[in-house]
Amino acid sequence: MKAKKRGWRFFTSGYLILVLAFIYLPILYVMLFSFNDSKSMISFSGFSLRWYEDMLENREMLESIKYTVIVALIATGVSTVVGTVAAIGLSKARPLVRNLILEINNLPVLNPDIVTAISLMLLFLSVKIQRSIVTLTLAHITFCIPYVILSVMPKLRQLDDNVAEAAMDLGATPWVALTRVIIPQIYPAILSGALIAFSMSFDDFVISFFTAGVDVQNISMYVYSMKRFNPSVNALSTLIVIAVTLILVLANLIPALRERKNKREDT
Amino acid sequence: MKSFFRMSYPYILWIGLFIIAPMVMILLYAFTRSSDGAITFKFTLENFGRFLSDPTFLKVLWTSLRIALITTAVCILIGYPAALFIANLPEKRQTFLILLLTLPMWINMLLKTYAWRGILMNFEIESEIKVFIGMVYDFLPYMIIQIHTAIAKLDRELLTAAYDLGANKWRAFLKVTLPLSVPGIISGITLVFLPAVSSFVIPKLLGGGNYVLIGNLIETYFLVAGDWNFGSAISLIMALIIIASMYLTRKLDTSGKEE
Chain A
1 MKAKKRGWRF FTSGYLILVL AFIYLPILYV MLFSFNDSKS MISFSGFSLR
51 WYEDMLENRE MLESIKYTVI VALIATGVST VVGTVAAIGL SKARPLVRNL
101 ILEINNLPVL NPDIVTAISL MLLFLSVKIQ RSIVTLTLAH ITFCIPYVIL
151 SVMPKLRQLD DNVAEAAMDL GATPWVALTR VIIPQIYPAI LSGALIAFSM
201 SFDDFVISFF TAGVDVQNIS MYVYSMKRFN PSVNALSTLI VIAVTLILVL
251 ANLIPALRER KNKREDT
Chain B
1 MKSFFRMSYP YILWIGLFII APMVMILLYA FTRSSDGAIT FKFTLENFGR
51 FLSDPTFLKV LWTSLRIALI TTAVCILIGY PAALFIANLP EKRQTFLILL
101 LTLPMWINML LKTYAWRGIL MNFEIESEIK VFIGMVYDFL PYMIIQIHTA
151 IAKLDRELLT AAYDLGANKW RAFLKVTLPL SVPGIISGIT LVFLPAVSSF
201 VIPKLLGGGN YVLIGNLIET YFLVAGDWNF GSAISLIMAL IIIASMYLTR
251 KLDTSGKEE
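In order, the protein sequence lines correspond to chains A and B.
When the letters of the first sequence are read in order and numbered with this note's numbering, they come out as residues 1 to 267.
When the letters of the second sequence are read in order and numbered with this note's numbering, they come out as residues 1 to 259.
Treat the hints as calculated values from the structure; they're not laboratory data.
Just so you know, not all the hints are guaranteed correct.
Covered stretches of chain A (chain B as the covering partner; in silico rule of three or more C-beta atoms under 8 Å from a C-beta of chain B) [what the hints assert, rightly or not]: (1) 43-55; (2) 74-85; (3) 114-122.
From a predicted model like this one, the values you see are computed outputs, not experimental measurements.
For each residue, glycine too, the CB sits at the ideal point set by N, CA and C.
Input sequences plus hints: build the corresponding full structure.
Listed below in structure tokens is the structure:
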């Protein structure tokens, strides 16, 4: 009986390790081969940084990184502000109005990306707006706001209305009640909404592909349009993986550290 | 407090301009024809007729559905045991494993697919298998996380009760864990099947140029052929199929509960 149990445990951990290996295989593979000194993706012939140097000389790739970051930053900023403000407003709306707007808000989340993409493209083309970085950014803001609202809304529902009410009874203007009472309470939800928005914008391909026009391309579009296999993409991926890991670790660490600090101050 | 509602006015305006108006555009184009780039405002079902009467288009539709179905099935088959095994671990290890699964989801899908392209270049496999590997890879974490959430929520007392009543491990699994984890499978299907039907990046990058799915068809009619009316009709057909299949899965879920 005991041996059977041990065998089962061995099997389940083996299975989980295989699944994780499958999920991490391409990531680790790319990281390893970004340091390869040949173009091969099969044999590792020696360590070199040539693909990183290649990357720095690749104007098209650098441009795409620049556009990706600029658009992601603007889309995150605008969607976080508009989404948070809208969510606070909606939480005070009549349930019927609120639910209707939240349903529409869900459309870009539930719709296949390609439908959202062509709908926006049709809009821009039919009112004769040249597709550019502006239309690209507008499209990104549009699909980012719903995620901010979906992240902030549940937190707002937990809030005690009486606190803001009390602040205003004591003479606080709505603005002060908003910035001093409501926003501090939902701050973590706003931050995680912003993080999701940034990652959505940074990683988007389909919607960008249809709304950016021909002069602008982000990282995803650049990779999609590449005809031949180019190992400097491995270098780019490696840098992105490292950056994403760092950001996620920080995003998880900072609240934990702050909590610990608060606890220490309490005692 | 009511005055706070005014804060959502800018977003309501935004919704009108960038969500509702564009959706109306698709409907408008799908049910009309254009001549010389301008729409003629006359209702027609011609675009839909053209799609539904052409075997080539229907075959593309069938291929997309088949690939999405197989991808979803494989994700359940691989993902269910994984979710179950994770749920049986001590809590701290569960959190860690789920974190490990979520981490790659934050990395650009195109870069991950491109990595597979590099790896699979080394092997002589049929392009359809390559597409499946890429699709299952992309969607598996979503499936595992959804099923795991459902199993982790499950009341352990129910299992203890089943054992007390003489059920063995298998029976307890089949009669307690599996039925109660169905909602997790359903939301997993929603997260996998829906984007899989419309996916066009993975088939193009891994399947080579001659692999046409419905997403690629929409892309071609919008960006190459410039036939927005027909392209809109195709995407409407696709959206309808997705909505219908979601409705059916939900229905399946609730009818299972009534038993």
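Consistency of the hints with the structure:
1. 43-55: violated (count 0)
2. 74-85: holds (count 3)
3. 114-122: holds (count 8)
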